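Asks: Sequence:
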Amino acid sequence: HRLAAARALAQADDNGGLKVLMTETSVEVRQAAIFELARREDKAGLAALAKDLESPEYPTRHGAAWTLYRVGDKRGLIVLGRDALGGLQHYHPRASAIRYLNYIQEVVGDKRAVAKALIDSALEHIDRIDRGEEKISSETFEQFYFHGNLLKATTGQDFRQGAFWNTRTGRDGFRKNWQSWFKEHGHELPEVKPGSGR
-13 HRLAAARALA
-3 QADDNGGLKV
7 LMTETSVEVR
17 QAAIFELARR
27 EDKAGLAALA
37 KDLESPEYPT
47 RHGAAWTLYR
57 VGDKRGLIVL
67 GRDALGGLQH
77 YHPRASAIRY
87 LNYIQEVVGD
97 KRAVAKALID
107 SALEHIDRID
117 RGEEKISSET
127 FEQFYFHGNL
137 LKATTGQDFR
147 QGAFWNTRTG
157 RDGFRKNWQS
167 WFKEHGHELP
177 EVKPGSGR
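Quick note on our numbering: the sequence shown kicks off at -13 and runs consecutively.
Any given hint might turn out to be false.
To be verified - Pairwise CB distance ranges (calculated):
no., residue 1, residue 2, range
1, E14, G58, 31 to 39 angstroms
2, E170, A33, 31 to 39 angstroms
3, S12, S166, 40 to 48 angstroms
4, H78, Y131, 41 to 49 angstroms
5, E174, A30, 36 to 44 angstroms
6, S124, K179, 36 to 44 angstroms
7, Q75, G118, 15 to 23 angstroms
8, G118, Y89, 14 to 22 angstroms
What the hints assert, rightly or not - Straight-line C-alpha distance at most 27 angstroms; calculated DSS-like pairs for lysine-lysine:
no., residue 1, residue 2
9, K162, K121
10, K60, K169
11, K37, K179
12, K169, K179
13, K179, K138
14, K102, K121
15, K138, K169
Bear in mind the hints are in silico, worked out from the structure with no lab data behind them.
Keep in mind it's a predicted model, so treat the numbers as computed, not measured.
Heads up, the beta-carbon is just placed ideally off N, CA and C, and yes, glycines get one too.
Build out the structure end to end from the sequences listed, making use of the hints.
Replies: See the structure below:
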């Protein structure tokens, strides 16, 4: 009923009522209201969505990433990329993130944005390894192998990985490979203009 109320307020152009629903405990209702406000370029709505990207609850941050994307703001896609890189102990966040990314690249057709999110999140992870903030584990290969498969499905490019994480030189090569490929070929990937994702 509250979700229906959010939709009715949107149809009535009732920004005041929508702002009341921004405090809803239901993530679905709150983000539906925020989406309508953000779609009208309401700064409070955009700020609320940006804050939700930092939520410890993956449904909240994924919903925020998708809602921001729908109003033309792609900054949340890297959040999906990070969760897609999660290990097996983070199965549910990873599966959710992959569903969103697959939808955006397969149905919406925004392959460039998804490729950038996948590459940026992988490079962030490598940077954390180099700084000693992330430990190399038996799952590291599995994580990056799966991430590489997602990137291949998006770009058509088969990135050879090898045991890049064993040495700093190997990681530098991996980083350079992904960065240079996107710089040279990223513009060739289909892109959906801001605000046209649904």
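Asks: Against each hint, give a clear statement of whether it holds in the structure.
Replies: Comparing the hints with the structure gives:
1. Distance hint check for E14 and G58: the Cβ-Cβ separation is about 21 angstroms, which falls outside the suggested range of 31 to 39 angstroms.
2. A hinted range of 31 to 39 angstroms for the beta carbons of E170 and A33 is consistent with their spacing of about 36 angstroms.
3. Remark: the range hint 40 to 48 angstroms for S12 to S166 is upheld by a beta-carbon distance near 45 angstroms.
4. Range check, H78 to Y131: about 20 angstroms between beta-carbon atoms, so the 41 to 49 angstroms window is missed.
5. The hinted window of 36 to 44 angstroms between E174 and A30 holds, with their beta carbons roughly 38 angstroms apart.
6. Separation of S124 from K179 is about 42 angstroms and conforms to the stated range, judged on CB atoms against 36 to 44 angstroms.
7. Checked against the hint of 15 to 23 angstroms, the pair Q75 and G118 passes, with Cβ atoms roughly 21 angstroms apart.
8. Range check, G118 to Y89: Cβ separation about 36 angstroms, and the 14 to 22 angstroms hint is violated.
9. Distance hint between K162 and K121 is fulfilled; the C-alpha atoms sit about 21 angstroms from each other, no more than 27 angstroms.
10. Taking the CA atoms of K60 and K169, the gap is about 18 angstroms. The hint holds against a cut of 27 angstroms.
11. With a C-alpha separation of about 24 angstroms, the suggested pairing of K37 with K179 holds against the 27 angstroms cut-off.
12. Distance hint between K169 and K179 is fulfilled; the C-alpha atoms sit about 19 angstroms from each other, no more than 27 angstroms.
13. Taking the CA atoms of K179 and K138, the gap is about 22 angstroms. The hint holds against a cut of 27 angstroms.
14. Pair hint K102 plus K121 holds up; C-alpha atoms about 24 angstroms apart against a cutoff of 27 angstroms.
15. Among the hinted pairs, K138 with K169 is consistent with the structure: their alpha-carbon atoms are about 16 angstroms apart, no more than 27 angstroms.
Hint check: violations occur at hints 1, 4 and 8; the rest are consistent with the structure.
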